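*Asks:* Okay, here's what each chain looks like letter by letter:
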Amino acid sequence: MAIDQATVRKIASLARIAISDAEAAAMEGELNGILGWVEQLGEVDVTGVEPMTAVIPNNLRLRDDVVDADPLTGGNRRDDVLANAPAPQHGFFGVPKVIE
Amino acid sequence: MTDLTNLTVAQIRDGHRAGNFSAVEVAEAFNANVAGAKALNAFIVETPDHALAAAKAADADRAAGTLKPLSGVPIGMKDLFATNGVQTTAASHMLEGFVPRYESTVSQKLWDAGAGMLGKLNLDQFAMGSSNETSYFGNVISPWKRNDGGNAALAPGGSSGGSSSAIAARLCPAATGTDTGGSIRQPAAFTGISGIKPTYGRCSRWGIVAFASSLDQAGPMARDVRDCAIMLENMAGFDPKDATSLNLPVPDWEAALSSDLKGKTVGIPKEYRLEGIDPDIDAMWDAGIAMLKDAGAEVAQISLPHTKYALPAYYIIAPAEASSNLARYDGVRYGLRDLPQGAGLQDMYAATRADGFGPEVKRRIMIGTYVLSAGFYDAYYTQAQKVRTLIARDFEAAFASCDVILAPTAPSAAFGLGEKTADPLAMYLNDVFAVPASLAGLPAMSVPAALNREGLPLGLQIIGKAFDEQGVLNAGLAIEERAGFTARAEKWW
Numbered sequence: 181m182a183i184d185q186a187t188v189r190k191i192a193s194l195a196r197i198a199i200s201d202a203e204a205a206a207m208e209g210e211l212n213g214i215l216g217w218v219e220q221l222g223e224v225d226v227t228g229v230e231p232m233t234a235v236i237p238n239n240l241r242l243r244d245d246v247v248d249a250d251p252l253t254g255g256n257r258r259d260d261v262l263a264n265a266p267a268p269q270h271g272f273f274g275v276p277k278v279i280e
Numbered sequence: 317m318t319d320l321t322n323l324t325v326a327q328i329r330d331g332h333r334a335g336n337f338s339a340v341e342v343a344e345a346f347n348a349n350v351a352g353a354k355a356l357n358a359f360i361v362e363t364p365d366h367a368l369a370a371a372k373a374a375d376a377d378r379a380a381g382t383l384k385p386l387s388g389v390p391i392g393m394k395d396l397f398a399t400n401g402v403q404t405t406a407a408s409h410m411l412e413g414f415v416p417r418y419e420s421t422v423s424q425k426l427w428d429a430g431a432g433m434l435g436k437l438n439l440d441q442f443a444m445g446s447s448n449e450t451s452y453f454g455n456v457i458s459p460w461k462r463n464d465g466g467n468a469a470l471a472p473g474g475s476s477g478g479s480s481s482a483i484a485a486r487l488c489p490a491a492t493g494t495d496t497g498g499s500i501r502q503p504a505a506f507t508g509i510s511g512i513k514p515t516y517g518r519c520s521r522w523g524i525v526a527f528a529s530s531l532d533q534a535g536p537m538a539r540d541v542r543d544c545a546i547m548l549e550n551m552a553g554f555d556p557k558d559a560t561s562l563n564l565p566v567p568d569w570e571a572a573l574s575s576d577l578k579g580k581t582v583g584i585p586k587e588y589r590l591e592g593i594d595p596d597i598d599a600m601w602d603a604g605i606a607m608l609k610d611a612g613a614e615v616a617q618i619s620l621p622h623t624k625y626a627l628p629a630y631y632i633i634a635p636a637e638a639s640s641n642l643a644r645y646d647g648v649r650y651g652l653r654d655l656p657q658g659a660g661l662q663d664m665y666a667a668t669r670a671d672g673f674g675p676e677v678k679r680r681i682m683i684g685t686y687v688l689s690a691g692f693y694d695a696y697y698t699q700a701q702k703v704r705t706l707i708a709r710d711f712e713a714a715f716a717s718c719d720v721i722l723a724p725t726a727p728s729a730a731f732g733l734g735e736k737t738a739d740p741l742a743m744y745l746n747d748v749f750a751v752p753a754s755l756a757g758l759p760a761m762s763v764p765a766a767l768n769r770e771g772l773p774l775g776l777q778i779i780g781k782a783f784d785e786q787g788v789l790n791a792g793l794a795i796e797e798r799a800g801f802t803a804r805a806e807k808w809w
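If you read the protein sequences in the order shown, they are chains A and B. So for the first sequence, this note's numbering puts the first residue at 181; every next one is plus one. So for the second sequence, this note's numbering puts the first residue at 317; every next one is plus one.
Just chain A, with the same shape it has in the complex:
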């Protein structure tokens, strides 16, 4: 099914990507081209076929229930976590004012 520019703007809004009218117009054609092409999947008979969830059989593991079991991914790394933040403040991530 073809999508229109209003749908393109809706998708962009869901994806949190600002787009101009010109971009929305260009995107309309591109997305319809791609979506029209993937439509052919509809002709495949998938009766009784389960959607794939894991490409290689593997069991999900639980890590040991230990604090900081892995020093790399455990706690006490505040400065490392904030090192690349665009606007860190007082040991926190800074964001624009949310509540007046």
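Quick caveat, the hints were computed from the structure, so don't treat them as lab data. These numbers were taken from a predicted model, which means no experiment stands behind them. Hints may be right or wrong, so weigh each one.
Here are the simulated BS3-like cross-link-like pairs (lysine-lysine), alpha carbons at most 30 Å apart as the crow flies [unchecked claim]: (1) 678/B <-> 190/A; (2) 736/B <-> 190/A; (3) 586/B <-> 736/B; (4) 678/B <-> 277/A.
Assemble the complex: chain A is given as a structure, and chain B must be docked to it using the hints.
*Replies:* Then chain B, alone, in the frame of chain A:
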């Protein structure tokens, strides 16, 4: 004295071990090649000091008798792997200036094995592309030229285009790549080198910038099959930090290399014979079949009936996962922030993502967002995942009657920069032979097999059973020994 940059990984390792040259000499020779090849734009960041430090350690280790598997070998690192203290961008504006405070598992393993880093290699932005034309840091140029006397700049393939260009131009003897839908194999084929995508889960994804997590898999790129085996041994292995990491021992792939294929059967999938394909591709494929027969293998015609649906399924599944994975780039925790005057939080997200992502990345996020949205999820995403099951079953059924599958890696030789950028679909079709193995999580490699009539390299692809990297490498070696591919790009850069 021989030019050290013409040596393979195995030759550097063995020559260093034998005392024929020092690791510092090797690192300096490659550093000089890297510094002299700006015209290829293969590197985003050069790290000559990292390579030199590892080389000094390798020379000290040799004196102390404590050599490691990759002592003395400098490599290139695709800029999708987080490297502690070295900018990691995924070739995006979004991550420009991002300096990780941790090291990816795969790169850490390579450093632990004694390798040094020559630099971070350019790629398609967030690994999305097949020509390296979506990088924020500019196109990578292939060292190859057509033999028509023209000077057209050619694509090195993608997304691991910096890796392929750098190896083909002797800027590094080997490099890391990642393969989501052909991103190791297609660039290897375009530049006359080898590359293997192992079974999904062999190499940890921890610390690799995520694109499509059910498909992303790291692997090595190098000049020959043996070097791929050596590199892969030092990249693979169980990692508790990656939930999909395979808890299996890493085989001694190099030690078990054998091009004797007696008792093996090679499957030839009839669906990969495309109507109207370049006759040079078909001729190379036929020659490859003859080479494997010569190595002792039987040949069987096989059928992979859902092949034509692999690419459209991939272009639902990969963008869906990408739209989810790339939601993390919000301008808050790391990376770019674009905060227009007086903007609130939602406007900041939208402005940051509009500014930080390139057109192809936005296109895929948008497709992914659409196919996952309420009302369309089952029609697109669930249907694609069911088709993916059928594609995996095709391979299972085929492997009942063969050990490995032989096919071309790509439907054409390298194309010119700009030739396919106007039409996203034409670009996607380049991965038609590479994507099915990705969807099924199978090991697959590309080895250079021939030059086409334009003088450009073509690659043959070997697809193996899950966990059977050895079978893939061995068939690759049989082709390598018989194809005698020694052509290389003439230096113009």
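*Asks:* Confirm or reject each hint.
*Replies:* Going through the hints against the structure:
The suggested pairing of residue 678/B with residue 190/A holds, with an alpha-carbon distance near 14 Å, which does not exceed 30 Å. As the CA atoms of residue 736/B and residue 190/A are separated by approximately 29 Å, the hinted pair is consistent with the 30 Å bound. Distance check on the hinted pair: residue 586/B and residue 736/B sit about 27 Å apart at the alpha-carbon level, within 30 Å; holds. At roughly 27 Å between alpha-carbon atoms, residue 678/B and residue 277/A fall within 30 Å of each other, so this suggested pair holds.
Checked against the numbered hints above, the structure violates none of them.
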